[in-house]
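These are the residues of each chain, in order.
2 protein chains.
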Amino acid sequence: MKIIFIGSGNVATHLATAFKQAGHQIKQVYSLNHHNAELLAKQVEAEAINNLQQITDDADIFIISIKDDAIESVAAELAIRKKLIVHTSGATPLQTILKYTAQAGVFYPLQTFSKAKEVDFKNVPLCIEGANAEITEQLIELAQSISDKVFHVSSDQRKVLHLSAVFACNFPNYLYYVAQQLLAQHNLDFDLVRPLIMETAEKVQEQLPQAVQTGPAIRNDVKTMDAHLALLGNNTALVQLYEMLSQAIIKMGADGHSFE
Amino acid sequence: MKIIFIGSGNVATHLATAFKQAGHQIKQVYSLNHHNAELLAKQVEAEAINNLQQITDDADIFIISIKDDAIESVAAELAIRKKLIVHTSGATPLQTILKYTAQAGVFYPLQTFSKAKEVDFKNVPLCIEGANAEITEQLIELAQSISDKVFHVSSDQRKVLHLSAVFACNFPNYLYYVAQQLLAQHNLDFDLVRPLIMETAEKVQEQLPQAVQTGPAIRNDVKTMDAHLALLGNNTALVQLYEMLSQAIIKMGADGHSFE
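Read top to bottom, the protein sequences are chains C and S.
Residues 1 to 260 in our numbering are what the first sequence spells out, letter by letter.
Residues 1 to 260 in our numbering are what the second sequence spells out, letter by letter.
These aren't lab readings, by the way, just hints derived from the structure by calculation.
Hints should not be assumed to be uniformly reliable.
The list treats identical chains as one, so a pair stands whether inside a single copy or across any two.
[Claimed, not checked] Simulated pairs of lysine to any residue, SDA-like, Cα-Cα distance not exceeding 20 Å:
(1) K122 to E202
(2) K117 to Q207
(3) K159 to H186
(4) K115 to Q207
Please build the complete structure, drawing on both the sequences and the hints.
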C-alpha cells in the first residue's frame, strides 16, 4: 500500500520502518517538527512535510500517530482527501475519525516503543478496527503483512486493553525503578535484579500470573513483610505501596480464582 | 564438593541440579516430606533421608534451603557436625547460623524458581557471605562453578536486596494478574499483553527504568488517566492502586533523578 504517516514519534517510526521492510511504500511523513519528520522520512525513503496542504493524493491510507488530543483536528482536516484514515491510539475511539469520514479505522500496536531499541514486529499484537467489514478486512491484511499477531478489537475492548497495558507495562516499570533506587541507596548494582525481572516476565509467557506468584505476601509471611516495612522506614509512599500490593496479593491467594 | 541438602523445595531442587551438573556430589537430601526428598534425591543421585540423625560425615557442606522460620533450629542441630553450614535465604542474617557455629555462610540465589520451569544458572546472581574471608572465598568458588554472576553481599545489603526483589518480581507479577483479569472480564486474551510484558522487562536489561518509563502518568496525561479510573469504576482497590502508582510516576518524572 501507499502510506502517509502523520507523526514521527516512536510508534510512527517503528510502524513506518516495519511497513517499509514489508514492501509497502511510505509516501510522506508529516510532522510539525520538521527535523523529526526528516529523520524518519530519510529512513523510509519518504518525503518529509510540515504542512497538511502538501499532502499528495497518491496514497491509499493515512496513519495518524500523534498525541491523542491532536488526532481529531487532523482527522477533520484530512477527511476531504477521501482516503482511508486510521489512528494508532489505544485510548481513542474509532468515532473520533468516523465523525468526519466513513473511511475510518484503528491500527493499534500493543507494544512499548522506544527509539533506542528495535522491536520485532512479528510479535507485536496489532489491534484492528474498521468502520465496516471491508475496511476491517483491508486493515487486517495490512497488519498481517508485518505481524503474526493480528486481533480484531472493538473500541470498547480497546479501552480495556489500553488500561491493562498500564498495569502490565507502565506500573511494573515503575516498580523496577523503586527496586533500582533501593539498591543504589545501598551501593548495590541493578544488575543484581535484572535476571529476576526477565524471569518474572518469562514465567507468565506460558502460565497465568496467579499460578506463579511468589514472595512473602502470597505465603502470608508476616515476619518478612514486617521486616521489609521496617526497612522502608519513613518513606511513607513506599510503605503505603508495599502494604497495598501485599494486601492485594494476600487477597488474591485467599480468593482463589475470583476477582471482584 | 560433597554437598548435603536440607530441604527439597524449588530452590533446593534447582541448586542441587545445577551443582550435580557442575560435577559436585550431592550426598544426601533431607526433607520431612519423604516423597519430595526422594524425588529430588533420585534426580541428583543422592540418598533421601528424613531424619537428621542419618546424616553422613562424608560431606563438606550443608546447604539449608527450607522455610526461614525453620533455619535456626536445623542449624542448631547440625552445628555439632563441625561442617560448613550455609542457608539460601534472602531474609535471614548470617547470624542465625553463626550463633551456633563459626563455619557459617550464606548462599542466596536471587531468582524466582518454579518446579515447572528450568533456569539457566549461569545467569542467576548468587549472593555470597561467609563468616570469615576463607569461607567467603570457598563459597565464591563454589558459586562460580555454577554461575557467572557471583556477588559478595553483606547481611545488611541482602535485606535490601530481598526487599528490592519483592518490588522487581512479586509486585509486577501481581500487576500482570490485574491486567489478565481485566482482559478476561472483557473476553480478551492475556496473549494480547504477553509481548508487552516481555518487552518491558527486556528494556531495563540495558537501560535504567526511569529512562524508559512510558504511559499516561509520565506524560501527565490527565484525560487518559481519568478515563482509566472511570473504567475501573467501583473497584475501589484497583482505583486506589492506579492512583497511587500514577502519582508516584508523576513524582518520579518531576523529581528527575532524586528519590526521597
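Indicate which option fits the pair K159, H186 if close means a Cα-Cα distance not exceeding 20 Å: within, between, both or neither. between (40 Å within a copy, 10 Å between copies)
From the Cα coordinates, with 20 Å as the cut-off, is the pair K122 and E202 best called within, between, both, or neither? both (18 Å within a copy, 17 Å between copies)
Checking K117 and Q207: alpha-carbon separation at most 20 Å within a copy, between copies, both or neither? Cα proximity of K117 and Q207: across copies only (10 Å, versus 27 Å in one copy).
Is it within, between, both, or neither for K115 and Q207, if the alpha carbons may be no more than 20 Å apart? between (30 Å within a copy, 13 Å between copies)
Hint violations for this structure: none, all hints satisfied.
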